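Using the sequences and the accompanying hints, generate a full structural model.
Chains as they are written, first to last, in the working numbering: chain A, 1 to 592; chain B, 1001 to 1177.
No wet-lab data here; the hints were simulated from the structure. As the structure is a computational prediction, the values presented were derived from the model and not from experiment. Incorrect hints may have been included.
In silico contact screen, one side only, chain B against chain A (beta carbon under 10 Å); selected entries [stated by the list, open to error]:
#1 Phe1056
#2 Thr1066
#3 Val1073
#4 Val1116
#5 Gly1119
#6 Leu1140
Beta-carbon label-pair distances, calculated as ranges [unchecked claim]:
#7 B:Lys1169 x A:Gln182: 32 to 42 Å
#8 A:Ala71 x B:Lys1171: 26 to 36 Å
#9 A:Lys330 x B:Lys1169: 22 to 32 Å
#10 B:Lys1169 x A:Thr536: 38 to 48 Å
#11 A:Ser103 x B:Glu1028: 54 to 64 Å
Here a beta-carbon is modelled for each residue, glycine too, at the ideal position from N, C-alpha and C.
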Amino acid sequence: MEKVKVIVGLGSCGLAAGAGKVYDKLKAVHDAKILGFDLKKTSCIGMCYREPLVEVIDKSGSYLYGEVNEAKLEEILEKHIRNHEPIKEYVVKTEMFETADSSFFEGQVKIALRNCGYIDPESIEEYEAREGYKAIKSITENKLTPQDVIKTILDSGLRGRGGGGFPTGLKWKFANNNKADQKYIICNADEGDPGAFMDRSVLEGDPHSVLEGMTIGAFAIEASEGWIYCRAEYPLAIKRLNIAIEQARNRGYLGKDIFGIQGFNFDIHIKEGAGAFVCGEETALIASIEGQRGMPRKRPPFPAEAGLWRKPTNINNVETFANIPWIVNKGAAAYAAYGSERSKGTKVFALTGKIKHGGLVEVPMGVTINDIVFKLGGGITDDKKFKAVQLGGPSGGCIPEHLGHTIVDYDSVNATGAIMGSGGMVVMDETTCMVDIAKFFLNFTRKESCGKCTFCRVGTQRMLEILERITEGKGKESDIDTLQELAYQIKDSSLCGLGQTAPNPVLTTIKYFRNEYEAHIKDKKCPAKNCKPLLTYTIIPDLCTACMLCKKVCPSKAIDGEKKQPHFIRQADCIKCGACFSKCKFKAINVE
Amino acid sequence: MRITRIKKEKVVEESATVDLSLMDPIIEKYKFYKGNMIPLLQHTQELYGFIPRGAFLKLEKETNLTLSDMYGVASFYAQFRLKPVGKHIIKVCHGTACHVQNANVITEAIQEELGVKDGETTADGLFTLESVACLGCCSLAPVMMIGDETFGKLTEKSTREVIRNMREKEKGTPCKN
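Here you go:
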């Protein structure tokens, strides 16, 4: 009889949720040989909201257990592994029966994430067993030319997954057209968007797919050196990449005359980023690899002509590279069969925020935002009212609930004023203040502005000051107009994408939530009850039991009241800390 | 803007405990390497936890790098520190997902517990509090990272507990700084 397989998801999220302890315990049981089963590791399965995840594969099929702790693990070991009885109520995914979480996987198509959660990322054998390195081998065995490969990628309609959406095949063509003694191919893994972690998951879960994608790219543009520019904040991704590169070198997949082609030399190095959001911009990233401050420079010349060390250079994002081997294997038509008219294939989204099923999802382009939020995501936490999704991070914008039918493809999302970005999708509910969100993103871009262009450097600072005063109740009627004017000036006069898109969060929130701005400015109220200086705390006398708890906890002694006497908050002394609100057990404190 | 980080500060003499000869192997390795500045600074920081003034001077003497370029780079990137840090660095995530799940409350709670502001180190040299942009564990928001360990789904209460427990553990173990 075949042994039962037990697989533990050990991605960064899983480890943070305690998967390491679960693995250690399983390892101890495994090594003691009390129970016979094979123990394996994998990376992110995508179901972050149920981490830690443990998959048990027995002769009847696969059962994925969610939120596994030590107690649950004991039960699983006893009932499922010893007595072969799956514990239905803990299973989150199986083909045997419906679970409460089945909807999370419905409609997902895994191309970039095809191996994530299935293979041990530290094993090249497991990658090869799932068509790994087959694409590059078929290119060399069938004696395809770089032009053939570029044509396949062009025909597939793949567009840059880093956010810009520039056709990948076209980019490769430009880099191929520029002849030089040395060319470079760079993988942009400087995933700096707050709220996005798909690149990290690919690097941690399937590093070889990125290496293979880069090797195919190097073949197509005739580059001999590759760089992966990875955030230093992703230590696990860097570790697994290093292991993967070493394995590929040992197999002869990287190095001199690889895959039996004379003169096909290609090797990959890792460059750890030092923490600067602007380095996601191509020319700034190149400056950073060269050891300089990560400041963008004027284009043209584009990197395809003069990039790293002034040599022709091609830069693609992690997810883009992960798609490449699949496209070469299955053909351009198979990829283009997914998606909308002008955006082909699939896109990975990091679904986070006020959502029940947060995690990593990969869907065909062209599904609607509502589908993602309500079908895959399972709706809003605590069934509150859906307000907006934020797409594209600090460069993107908020798409309101009434545009939930918008399909996700580059052009439709751009039409709303947001951008697709790298795929961070943060869901917001009625308790999220849109002015505060705009302030949050602007504060981020202000800090991250490299300081080269005046409008980006000073303009973002001025816009932030205006937003700060609005959220403090000191806004002026003219502020909305001033914000818009400044926003367009920053967009027009910045050199790189950071400045050109920095005002987007403000512009889209003004466009769709102007009433919230006006409520802050004119009525001095925050409709989402989020901006503390605009709140008023009062005690509802009918609900107050005079327990004196709030009086005790008030740091500014602003509450009057004796036993058996309803309490009262003196507004002049109230510092609006909310301590009384969180302490009151009788919901007698009203916030407005 | 990134260059606002440059502030005039009094030069504090570094204690003699910084052993600059530890840098010799990395200087040897990267001396003639194209684009060597960032790796040199990164490895220096790995050795000392920050980049001591003496290290800059040593690098200037022994490599082709200039002081102004190095200071420019070191002050540009968030990773580099020019001051010593505490034994434990507490990184509180302020990414979008954590922000909408009230990451501010977590930072405020730690500030109260430790009595330091964001970016500061406690007087006993045990803890440094930092805000970071995104740790990439958005589904577990709000999140903080202490050393290599990540703590997710934090509340004000659980945060205080984590800090107090670490404090408790540190009692009796003498601090190196």
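Evaluation of the provided hints:
1. Phe1056: Result: violated, 15 Å to nearest chain A Cβ.
2. Thr1066: 12 Å, violated
3. Val1073: Result: holds, 6 Å to nearest chain A Cβ.
4. Val1116: Where the cut-off is 10 Å and the nearest Cβ of chain A is about 19 Å from B:Val1116, the hint is violated.
5. Gly1119: Result: violated, 12 Å to nearest chain A Cβ.
6. Leu1140: 6 Å, holds
7. B:Lys1169 x A:Gln182: 32 to 42 Å: 53 Å, violated
8. A:Ala71 x B:Lys1171: 26 to 36 Å: 31 Å, holds
9. A:Lys330 x B:Lys1169: 22 to 32 Å: 53 Å, violated
10. B:Lys1169 x A:Thr536: 38 to 48 Å: About 43 Å separates the Cβ atoms of B:Lys1169 and A:Thr536, which means 38 to 48 Å holds.
11. A:Ser103 x B:Glu1028: 54 to 64 Å: 58 Å, holds
Checked against the numbered hints given earlier, the structure breaks hints 1, 2, 4, 5, 7, 9 and satisfies all the rest.
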